[in-house]
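A.B. asks: Going by this note's numbering, the sequence shown opens with residue 1, and the numbers climb by one from there.
Worth flagging that the hints you see were computed from the coordinates, not collected in a lab.
Some hints could be false.
In silico DSSO-like cross-links for lysine-lysine, where the CA-CA straight-line distance does not exceed 30 Å [claimed, not checked]: (1) K49 x K104; (2) K104 x K47; (3) K27 x K91; (4) K47 x K112; (5) K91 x K104; (6) K91 x K47; (7) K104 x K27; (8) K112 x K27; (9) K112 x K49; (10) K112 x K91; (11) K49 x K27; (12) K27 x K47; (13) K49 x K91.
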Amino acid sequence: MDKRLLMILGIGTRRGITREEVLEAVKQALDECGLSLQEITAFASAKLKENERGLLEAGEFLGIPVNFLPDEVLNSYNPPSSSQASRFGLKGVAEPAALALSEKHELICRKKVYGRVTIAIAR
Numbered sequence: 001m002d003k004r005l006l007m008i009l010g011i012g013t014r015r016g017i018t019r020e021e022v023l024e025a026v027k028q029a030l031d032e033c034g035l036s037l038q039e040i041t042a043f044a045s046a047k048l049k050e051n052e053r054g055l056l057e058a059g060e061f062l063g064i065p066v067n068f069l070p071d072e073v074l075n076s077y078n079p080p081s082s083s084q085a086s087r088f089g090l091k092g093v094a095e096p097a098a099l100a101l102s103e104k105h106e107l108i109c110r111k112k113v114y115g116r117v118t119i120a121i122a123r
């Protein structure tokens, strides 16, 4: 294993997301940030997304585990961007989820919306 830090991809989704929507958003985000799929250790999202079939299927298809974090973990981070997740009592999903699982707790790509998927990347 080399010494580079591995990246965590935080994902927020709208309800009923498809695998294809998630895969396309992941591809776009990685391209824009100059990263490859091999640098991504895990996907991270909110516990309230644990039944989102499209998100689970995308992780399975890519061979990347999807971690669903409890609200208190997500709310222990102060993300730099405002979020629609506030209506669910969360400070955010994509940014805090990525930060929570990352080694340095440092966002390298702030959240960006790709259709019905929001992605942030941290190391």
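A.B. asks: Run every hint past the structure and note whether it holds.
C.D. replies: Structure-based check of each hint:
1. K49 x K104: holds, 25 Å
2. K104 x K47: Distance ~22 Å between K104 and K47 Cα, so the pair holds.
3. K27 x K91: holds, 25 Å
4. K47 x K112: Distance ~20 Å between K47 and K112 Cα, so the pair holds.
5. K91 x K104: holds, 20 Å
6. K91 x K47: Holds, because 14 Å separates the two Cα atoms, which is no more than 30 Å.
7. K104 x K27: holds, 23 Å
8. K112 x K27: Holds, at roughly 13 Å.
9. K112 x K49: holds, 18 Å
10. K112 x K91: Holds, at roughly 16 Å.
11. K49 x K27: Distance ~20 Å between K49 and K27 Cα, so the pair holds.
12. K27 x K47: Measuring from Cα to Cα gives roughly 23 Å; hence the hint holds.
13. K49 x K91: holds, 15 Å
The structure agrees with every numbered hint stated previously.
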